[in-house]
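**Q** So the protein lines, in turn, are chains F and P. Under this note's numbering, the first residue of the first sequence carries the number 2, and numbering increases by one thereafter. Under this note's numbering, the first residue of the second sequence carries the number 41, and numbering increases by one thereafter.
Any given hint could be a false lead.
[To be verified] Straight-line Cα separation of at most 30 Å, DSS-like style, residue types lysine-lysine; simulated pairs: (1) P:K48 / F:K115; (2) F:K110 / P:K139; (3) P:K161 / F:K110; (4) P:K270 / F:K115; (5) P:K228 / F:K40; (6) F:K115 / P:K161; (7) F:K110 / P:K64; (8) P:K187 / P:K139; (9) F:K190 / F:K115; (10) F:K115 / P:K64; (11) F:K110 / P:K178; (12) P:K187 / F:K110; (13) F:K40 / P:K187; (14) F:K40 / F:K110; (15) P:K139 / P:K161.
[Unchecked claim] If you want a taste of the chain F side facing chain P, the calculated C-beta under 7 Å gives, among others: (16) L11; (17) V243; (18) G244.
By construction, these hints were calculated from the structure, which means they are not laboratory data. Built from N, CA and C at the ideal position, the CB exists for glycine as well.
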Amino acid sequence: MSTTIRQQDLQLQGQNRLLGSLYSRNARAVIGRGLLATKSSNWLVMVSGFVEPVLYLVAMGIGLGALVGQVEGPGGQPIQYAAYIAPALLAVSAMNGAVYDSTWNVFFKMNFAKLYEGMLYTSLGPLDVALGEIFLALLRGAMYATGFTAVMGMMGLITTPWALLLIPASVLIAFGFASFGMGITSFMKTFQQMDWINFVMLPMFLFSATFYPLSVYPTAVQWIIQALPLWHGVELLRQISVGVFTAATAVHVLYFVVMIVLGMLLTTGRLRTLFLK
Amino acid sequence: MHTNVSTKSVISARNLTKAYGEFKAVDDISFEVPAGESFGLLGPNGAGKSTAMRMIGGVSGRTLGELDIMGLDPEQHGPEVRAHLGVVPQQDNLDEDLKVRDNLIVYGRYFGLPLSYLRPKADELLEFAQLSDRAGAKVDALSGGMKRRLTIARSLINDPKILLLDEPTTGLDPQARHTLWDRLFRLKEAGVTLILTTHYMDEAEQLCDRLIVVDSGSIMAEGSPSSLIKQYSTREVLELRFGAERNAAMAGRLEGVGERLEALPDRVLIYTNDGESALEEVTGAGLHPITSLVRRASLEDVFLRLTGRSLIE
Ligand SMILES: Nc1ncnc2c1ncn2[C@@H]1O[C@H](COP(=O)(O)OP(=O)(O)O)[C@@H](O)[C@H]1O
Ligand SMILES: [Mg+2]
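Given the sequences, and given the hints that come with them, work out the whole structure.
**A** Structure, rendered in structure tokens:
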């Protein structure tokens, strides 16, 4: 069998797009893969992501709420303790889900499942993989947020249609954490280092005005907490849940927009370190 | 325009170097691969073969040197270059969350290929890999050989012009290896350029038109298997075993038999163009090895000559 190869077939044309070496505009293939893979994924893990904040809400809101009674809401009006902590728990769950997906999950798929190794030997660039994985994390986050908001409604904790905005706002919060999480993962080499992530998240969860107002702290501590992202998420969702909007609302939203932009810049800048060794 | 361009390089590497800290995994290697050739990197574990392959695929940055894959630098144009590469990594990295056929289709989607193309293509490749009856199986239910064949099938989903095979048959039984070699011959006939690494000399002799012998990141020799054997070895080799303790002592007394002598811990090798008469000389001198064997020289002998070590430890 004689073979002829055409000369022009062996001369590839390079495109000179921005980020052309990192991105082939095909994140949807990564998303498609993720959706197909959920079929065989562990449903128990999926469901537990939804159940966890609901358990907190029931235990703390109803249990502790019976002791606490009513507290002062964002607009100064009294609200049930459960209604006070519900949006905070939603913000925490958005943070946890996004951080888990963008750090542990990415770390595992990179170093153990070798999933990305296979993807990166195709036309996909690392930015396609990163965008696809972030999108999947946000999609999951949106589903959990929808479920949690429905539970809030069933528990009688929702009094305004504005509360529907809890869902997109949760996604905004998750995006902020996910974009940063992936960049941070690029600095991690061992499981021990990955544990530092939990070390940062747990205190943030406990102290970001989640279960009681910020005013219990001395001013200096308040400043530190107000610099951290979770506090902005908690306050944003708390305001939305009762439909009270102030200038602070815009600040909270802006905080996350800036976080997303910086996080995506960090992640994009670290893609070679993260994916191309 | 149909012209035979067997002389045009599809891969050209110049002074390719990869350092991890002080350590150079690939140390200043240069080579050219013309279109349609089957080109091998032969070397022991740790020689730097996989590292070189990763640089060709553009998934590992290089420390120094230039690389040109069909006119493009894979580091600058990774997606465009890889669109025409098929890659079989040393370790299978199949998608364990997907079924066998979905592994092929989803992989094709990573190249941006449409489902209308991928569905029939996946079935054709399952046929090629003799896995049609496993289309709906889970990946972790496949045997090692089946996984390897699926990985190879997957690497062909985009009709690659260049196929990178990193130790394609390591861990396969002889039957599976021969099946695989047959598949690779067919691809070569279809005009695909093959780049393969191996530490099996028989594989290199079977599959490679030309190869480089690599050790510790450097090229030790380059040429076709037969020319390398001609250059670095005699036509035949006489292998003698006197028992572990006596091999070294006997080697001293064999001086002068054949053209060259190599004393290994487990045997003595005598390089000669006529093994039978060398053996007569040995027995004529009153030496009686426990076993003796005359064989054709192989790339193993070339490697031994070049490095003083065996290819497979
Ligand atoms: N990421 C890495 N960091 C440090 N050293 C590495 C890395 N990858 C490979 N090496 C080293 O480079 C050398 C060549 O490895 P490799 O290319 O895998 O060899 P081969 O494929 O020929 O067996 C080995 O000594 C290996 O330990
Ligand atoms: Mg290797």
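**Q** So, for every hint listed, does it hold in this structure?
**A** Evaluated hints:
no.	hint	in the structure
1	P:K48 / F:K115	violated (35 Å)
2	F:K110 / P:K139	holds (18 Å)
3	P:K161 / F:K110	holds (27 Å)
4	P:K270 / F:K115	violated (42 Å)
5	P:K228 / F:K40	violated (38 Å)
6	F:K115 / P:K161	holds (25 Å)
7	F:K110 / P:K64	holds (28 Å)
8	P:K187 / P:K139	holds (12 Å)
9	F:K190 / F:K115	holds (15 Å)
10	F:K115 / P:K64	holds (24 Å)
11	F:K110 / P:K178	holds (18 Å)
12	P:K187 / F:K110	holds (19 Å)
13	F:K40 / P:K187	holds (21 Å)
14	F:K40 / F:K110	holds (17 Å)
15	P:K139 / P:K161	holds (16 Å)
16	L11	holds (5 Å)
17	V243	violated (42 Å)
18	G244	violated (42 Å)
Violation of the numbered hints given earlier is confined to hints 1, 4, 5, 17, 18; the remaining hints are satisfied by the structure.
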